[in-house]
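Residue numbers (the numbering used here), protein chains in the order written: chain A, 687 to 983; chain B, 84 to 615; chain C, -18 to 296.
These are computed hints drawn from the structure, not numbers from a lab. Quick caveat, the model's predicted, so the values are computed rather than measured. Treat the hints loosely; a few may be bogus.
[To be verified] Subject to a maximum C-alpha distance of 30 angstroms in a straight line, what follows is the list of computed BS3-like cross-link-like pairs (lysine-lysine):
1. Lys222(B) x Lys244(B)
2. Lys211(B) x Lys560(B)
3. Lys215(B) x Lys189(B)
4. Lys442(B) x Lys392(B)
5. Lys421(B) x Lys454(B)
6. Lys459(B) x Lys68(C)
7. Lys36(C) x Lys215(B)
8. Lys211(B) x Lys214(C)
9. Lys202(B) x Lys36(C)
10. Lys36(C) x Lys244(B)
11. Lys459(B) x Lys447(B)
12. Lys106(C) x Lys211(B)
13. Lys106(C) x Lys503(B)
14. Lys68(C) x Lys287(B)
15. Lys222(B) x Lys68(C)
16. Lys447(B) x Lys560(B)
17. Lys189(B) x Lys31(C)
18. Lys36(C) x Lys222(B)
19. Lys194(B) x Lys36(C)
20. Lys31(C) x Lys215(B)
21. Lys569(B) x Lys499(B)
22. Lys541(B) x Lys560(B)
[Stated by the list, open to error] Computed Cβ-Cβ distance ranges for the label pairs, DEER-style:
23. Val732(A) x Leu44(C): 24 to 30 angstroms
24. Asp614(B) x Leu44(C): 55 to 61 angstroms
25. Pro757(A) x Asp485(B): 53 to 59 angstroms
26. Asn435(B) x Val732(A): 39 to 45 angstroms
Every residue, glycine too, gets a C-beta built ideally from N, C-alpha and C.
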Amino acid sequence: MATIDYDLELRRAGAHAAGGWRRVLFLAQRHVLGAAGLVIMTLFVVTAIFADFIARYDPLTIDAAGALARPSLTHWMGTDSFGRDVFSRIIHGSRISLAVGIGSTALGGAIGVIVGLTSGYLSGWVDLVFQRISDVLQALPLLVLALIMTAALGPSLPNVIIAIAIPLIPTVSRVVRANTLALRELPFVEAAKSIGMSEVRIALRHVLPNTLAPLIVLATAQLGSTILTEASLSFLGLGIPEPYPSWGRMLSESAAEYVRTAPWLVIFPGIAISLAVFGANLFGDALRDILDPRQRG
Amino acid sequence: MRSVWALAAMAALSVLTASTTTLAGEPKQGGVLRMYHRDSPANASILEGATYSVNVPFMGVFNNLVIYDQHIAQNSPDTLRPDLAESWSWSSDNKKLTFKLRQGVKWHDGKPFTSADVKCTFDLLMGKSQQKLRQNPRKAWYSEVNDVTPNGDFEVSFDLKRPQPSLLAMLASGYTPVYPCHVSPADMRTHPIGTGPFKFVEFKANESIKLTRNPDYWKKGLPYLDGIEYTIITNRSTAILAFVAGKFDMTFPTHITIPLLKDIKSQAPNAVCVVEPTNVSTNIIVNSTSPPFDNIDIRRAMAMALDRKAFVDILFEGQADIGGTMLPPPQGIWGMPKDKLATIPGYGPDVNASREEAKKLMQKAGYGPDKHLAVKISTRNIAEYRDPAVILIDQLKSIYIDGELDVVETANWFPKVARKDYMLGLNLTGNSVDDPDQSFYENYSCGSERNYTNYCNKEIEKLFDAQSQETDIGKRKPLVWDIDKKLQEDVARPIIFHARAGTCWQPYVKGVTIMSNSSYNGFRYEDVWLDK
Amino acid sequence: MFAYLVRRLLLMLVTLFGISVVIFFLLRIVPGNIVDILFAAAGYVDPADKANLEKELGIDQPLILQYWHWISGFLRGDFGYSYVSEKPALQEILPRIPITARLAGLALLFSASIGIPLGVISAVKQGTRLDYALRVVSLSGLSLPSFWLGLLILTASVAMFNRMPIFNPNPQTWLEAFATYAVPAAAVGFRSAALTMRITRSSMLEVLRQDYIRTARAKGASDATVNYQHALKNAILPVITVIGIEAAFLIGGLIVTETVFNIPGVARFLVEAIRWRDYPIVQNLVMLIAVVVVSANFIVDMLYAVFDPRIRYTD
Chain A
687 MATIDYDLEL
697 RRAGAHAAGG
707 WRRVLFLAQR
717 HVLGAAGLVI
727 MTLFVVTAIF
737 ADFIARYDPL
747 TIDAAGALAR
757 PSLTHWMGTD
767 SFGRDVFSRI
777 IHGSRISLAV
787 GIGSTALGGA
797 IGVIVGLTSG
807 YLSGWVDLVF
817 QRISDVLQAL
827 PLLVLALIMT
837 AALGPSLPNV
847 IIAIAIPLIP
857 TVSRVVRANT
867 LALRELPFVE
877 AAKSIGMSEV
887 RIALRHVLPN
897 TLAPLIVLAT
907 AQLGSTILTE
917 ASLSFLGLGI
927 PEPYPSWGRM
937 LSESAAEYVR
947 TAPWLVIFPG
957 IAISLAVFGA
967 NLFGDALRDI
977 LDPRQRG
Chain B
84 MRSVWALAAM
94 AALSVLTAST
104 TTLAGEPKQG
114 GVLRMYHRDS
124 PANASILEGA
134 TYSVNVPFMG
144 VFNNLVIYDQ
154 HIAQNSPDTL
164 RPDLAESWSW
174 SSDNKKLTFK
184 LRQGVKWHDG
194 KPFTSADVKC
204 TFDLLMGKSQ
214 QKLRQNPRKA
224 WYSEVNDVTP
234 NGDFEVSFDL
244 KRPQPSLLAM
254 LASGYTPVYP
264 CHVSPADMRT
274 HPIGTGPFKF
284 VEFKANESIK
294 LTRNPDYWKK
304 GLPYLDGIEY
314 TIITNRSTAI
324 LAFVAGKFDM
334 TFPTHITIPL
344 LKDIKSQAPN
354 AVCVVEPTNV
364 STNIIVNSTS
374 PPFDNIDIRR
384 AMAMALDRKA
394 FVDILFEGQA
404 DIGGTMLPPP
414 QGIWGMPKDK
424 LATIPGYGPD
434 VNASREEAKK
444 LMQKAGYGPD
454 KHLAVKISTR
464 NIAEYRDPAV
474 ILIDQLKSIY
484 IDGELDVVET
494 ANWFPKVARK
504 DYMLGLNLTG
514 NSVDDPDQSF
524 YENYSCGSER
534 NYTNYCNKEI
544 EKLFDAQSQE
554 TDIGKRKPLV
564 WDIDKKLQED
574 VARPIIFHAR
584 AGTCWQPYVK
594 GVTIMSNSSY
604 NGFRYEDVWL
614 DK
Chain C
-18 MFAYLVRRLL
-8 LMLVTLFGIS
2 VVIFFLLRIV
12 PGNIVDILFA
22 AAGYVDPADK
32 ANLEKELGID
42 QPLILQYWHW
52 ISGFLRGDFG
62 YSYVSEKPAL
72 QEILPRIPIT
82 ARLAGLALLF
92 SASIGIPLGV
102 ISAVKQGTRL
112 DYALRVVSLS
122 GLSLPSFWLG
132 LLILTASVAM
142 FNRMPIFNPN
152 PQTWLEAFAT
162 YAVPAAAVGF
172 RSAALTMRIT
182 RSSMLEVLRQ
192 DYIRTARAKG
202 ASDATVNYQH
212 ALKNAILPVI
222 TVIGIEAAFL
232 IGGLIVTETV
242 FNIPGVARFL
252 VEAIRWRDYP
262 IVQNLVMLIA
272 VVVVSANFIV
282 DMLYAVFDPR
292 IRYTD
């Protein structure tokens, strides 16, 4: 893949203004769905950051007398079987989901980049070994791998992040490797080499930045699915343990017991998960359209 | 000795009356009872199992020497009934228990049942035979038995080291079926052969268990059912939905939580549902071998901070029992009376006062509002364990203890507990029979494998033996209460509550009785029938 | 081309070897073994009994030896015995495969028959309200946790029809047999249909921008001919690849769906086996899945090589 001239792309798309905010505005108009996704994502991040100020109650405090209260003015989304405020738990749960989403994507992405760069740049047997390892990881079903990993590490927030991150590595490293291979042949890399730049520097200064676009696309696409994987792990009993308010566990456990007697316990976490994943997917789609014009639609 | 024979005769009589009263309305032959099963048991061998997931489906394959009356909810010494043993008697020194065996009973493969099979079974359980059980979780039940000797083909005697009236209770448990001599323990795991009303057909792991009517059953005319089919459904909500939709005649016994019960009632108003204690206590195991809980003040403070009613209100909507080690009355036979219970620290009605005292104890130990004690609370990764642990953490906050939940996978739980690699653990203890010997020796005696906390008190050990040898129930009860009280005061393993759970069946299922003080002994199902 | 084939085959073997090593050692890293679990159920651990049992199962041997026993057995088709049921592992695994295969096949069919047409429509009508609506629907399909969708379907069908579409091992009629698989297949397929639709759409759009399509249009070919004869034919290749990759991805969805709908398939069985640390089942099953996935990838690559002359045959 060649480098992208974003200004050119923008002009081709019909943007005449070059100023920062106007460009953003223009993009937002052109990608209404993406803008909606961005708004959802921003909301999500803001919620996570200011959870302590937004939540009206402590998400862990139990109130025997107030268990299973319907949604009301005091408890906007009702209370769960322990009498904990569902709204506060969902607000705080955004931190967990964000930690899982960003944490595992970043971890898997970072390792994937290192592996991909090394693999693509050094070629030879290093490449061969790394390639085979990613073949191996890709042939194992993602959820099975995550299941074994959480079983091995024990269910906790960092372990769930690691378990979800590992299957991401091969996907990322493949993309980075392919790009690195293509870029190595390009004249500016040859030129850098000829003026005596070190290999590592070339890799970091020239190759990596030009691989960022597809990486970002990939990362946003993964963001949503990591949140869903955590939910599936929770359903299978290997997600993030109590008392952390993980949306996945809130949903999977209440879905079993309270679908009819206390539907608010099922509706609100369900909406939270779906909305967050939906936002990430919308935004990811738009990003792909903007950054990766080959696939633009 | 004569009185015992009289008792046995009375018992036999009451079997007749009980069965006629409960089964009034002409039982019908035929039909297959469809139930779901909550999980896939490891194998089909009851002697090797330690969960009622094995008892429920396979108890009907076997007979015991004696059995608790299947239609009286409360197991007690008065509800022991003859099974493979037609009668039993104690020697005058109460150290020899002799059973007269039923003649003409055949194993499912056609071979005759004799006293040799009884000897084989108990030699296997005591670890005396050539062939070994892969696992033998209840070996300790027979620690007072010297030997089991057949006298001819149809009589067998148990020689005891000392009098132990509770032995009969353990023999009557669903956990103590008689196995055939001629089938190896390995075969019993995959294809059990018994003398019972139902023959084993197949067990597909994670899928189904099928039993069929034994046409040659020694009780003529029984069983009424043509067979029983269990479909294994691990997901509780799927299982409940399937029951509501009429796919099953009955839920898995005592598998329905109180909140779910409401749900079933609203969707299937005709279903018959029963809530009974399961005789499973939820308790805290305390690692008193290392800080901070080696300090008795901190242990006491923790026990006093418990608001047991809150646990019961949250988890059972009020429908569970508070007591000591033994299941509280009226369902429990040996539990402390209410007024005695209330005198134990932490059991009083005023939780706040008790917590104030607990705070003082904590301050004495050097903790306070500015210096909290950080504690890990380990428990298994199962809702029944996790949920009370969450409440416990919340309650301990009131006395300067910051708890953090440490969720452990099933495979790692006992190794961890055995390594003493925990501070506090939230644990469930199932009592297979409502009997002090079973509970005390198993959980609190010095060398017991299941005494996870290694609580060891020679004084109390003597009291265990004293109550165990007492043949008069009236005299034995106060001894048991005193022991129980002492155990709670020592914070050996604080009991939080005794759970209850629901069982539901369709209105046409007749003759099911859910036991009210055990969840291991009531699944013979030989006279269950379908009114369709 | 021949050299490429041989090279690819060799690499495939290397990959499979790697998988066997990874799964073998990964399972041993997981703390606790079958013996611990059996004793956990019993509520106590007797060290002597434990040692006996470990010896009986052969898990006290050095790992290398255990690995050799397993892999040489696997190559001979001898899968050993399940630790839990004590039956031959093959006998436990084989009957469950067709169940999951049917489910997966039906799900893929569902995914393709909904995803591809909608993707084409969305691409052809690019930028219209219809396109937007379809994209939003497909994205929301990707946003629902699959167990949630399955439970909703079950709950709704019990509430509305008082019927329960869970697995029926002995369907009486053809229709019943279909219903046993169709509902859960739709629950799994819904998600992958969304994915298929998105891939089809972007693949179509890319093709529609190509010169030869413009040429075809310029030559006066009708819209329908251009869209469906020329464009779709060329756009379908990446879609097929993605569907192939999805087959591996599907396993995750199948685990959850088989649990929700209580289908005794091989996916849920695998999870149970992991939970029980039933090494013979997990190892052999994962290897079987890996063989299927790796050969599927291989076949897709070969198809590419045959159909797309632009591919370089040097990895």
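Cross-check of the supplied hints:
1. With a C-alpha separation of about 16 angstroms, the suggested pairing of Lys222(B) with Lys244(B) holds against the 30 angstroms cut-off.
2. Between Lys211(B) and Lys560(B) the alpha-carbon distance is near 34 angstroms, which puts this suggested pair outside the 30 angstroms criterion.
3. A threshold of 30 angstroms between alpha carbons decides the hint, and for Lys215(B) with Lys189(B) the separation of about 24 angstroms falls inside it, so the pair holds.
4. A threshold of 30 angstroms between alpha carbons decides the hint, and for Lys442(B) with Lys392(B) the separation of about 20 angstroms falls inside it, so the pair holds.
5. Restraint check: the Cα-Cα separation between Lys421(B) and Lys454(B) comes to about 37 angstroms, which exceeds 30 angstroms; the hinted pair is violated.
6. Of the supplied pair hints, the one linking Lys459(B) and Lys68(C) is violated, its CA atoms being roughly 41 angstroms apart against a limit of 30 angstroms.
7. The hinted pair formed by Lys36(C) and Lys215(B) meets the criterion: a straight-line CA distance of about 14 angstroms does not exceed 30 angstroms.
8. Restraint check for Lys211(B) and Lys214(C): the C-alpha separation of about 75 angstroms exceeds 30 angstroms, so the hint is violated.
9. Distance check on the hinted pair: Lys202(B) and Lys36(C) sit about 28 angstroms apart at the alpha-carbon level, within 30 angstroms; holds.
10. At most 30 angstroms may separate the alpha-carbon atoms for a hinted pair to count; Lys36(C) and Lys244(B) exceed this at roughly 34 angstroms.
11. Proximity of Lys459(B) to Lys447(B) is assessed by CA-CA distance (about 21 angstroms); at most 30 angstroms being required, the pair is judged to hold.
12. Proposed proximity of Lys106(C) and Lys211(B) is contradicted: the alpha carbons are some 81 angstroms apart, above 30 angstroms.
13. A hinted pair counts as satisfied when its Cα atoms are at most 30 angstroms apart, and Lys106(C) with Lys503(B) does not qualify at roughly 67 angstroms.
14. Between the alpha carbons of Lys68(C) and Lys287(B) the distance comes to roughly 10 angstroms, so the proposed pair stays at or under 30 angstroms and holds.
15. For the hint linking Lys222(B) to Lys68(C), the alpha-carbon distance of about 27 angstroms falls within 30 angstroms, and the restraint holds.
16. Taking the CA atoms of Lys447(B) and Lys560(B), the gap is about 37 angstroms. The hint is violated against a cut of 30 angstroms.
17. About 35 angstroms separates the Cα atoms of Lys189(B) and Lys31(C), which puts this hinted pair outside 30 angstroms; it is violated.
18. Note on Lys36(C) and Lys222(B): the hinted pairing holds, with a Cα-Cα distance of about 21 angstroms set against a maximum of 30 angstroms.
19. Annotation: proposed proximity of Lys194(B) to Lys36(C) is violated, straight-line Cα distance about 33 angstroms (limit 30 angstroms).
20. Proposed proximity of Lys31(C) and Lys215(B) is supported: the alpha carbons are some 13 angstroms apart, at most 30 angstroms.
21. Pair hint Lys569(B) plus Lys499(B) holds up; C-alpha atoms about 28 angstroms apart against a cutoff of 30 angstroms.
22. For the suggested pair Lys541(B) and Lys560(B), the alpha carbons sit about 21 angstroms apart, so the restraint of at most 30 angstroms is met.
23. Checked against the hint of 24 to 30 angstroms, the pair Val732(A) and Leu44(C) fails, with Cβ atoms roughly 50 angstroms apart.
24. Hint check: Asp614(B) to Leu44(C), Cβ distance near 59 angstroms, so the stated range 55 to 61 angstroms holds.
25. The beta-carbon spacing between Pro757(A) and Asp485(B), approximately 31 angstroms, falls outside the hinted interval of 53 to 59 angstroms.
26. At about 40 angstroms, the CB distance of Asn435(B) to Val732(A) agrees with the hint of 39 to 45 angstroms.
Against the hints set out earlier in the document, violations occur for numbers 2, 5, 6, 8, 10, 12, 13, 16, 17, 19, 23 and 25.
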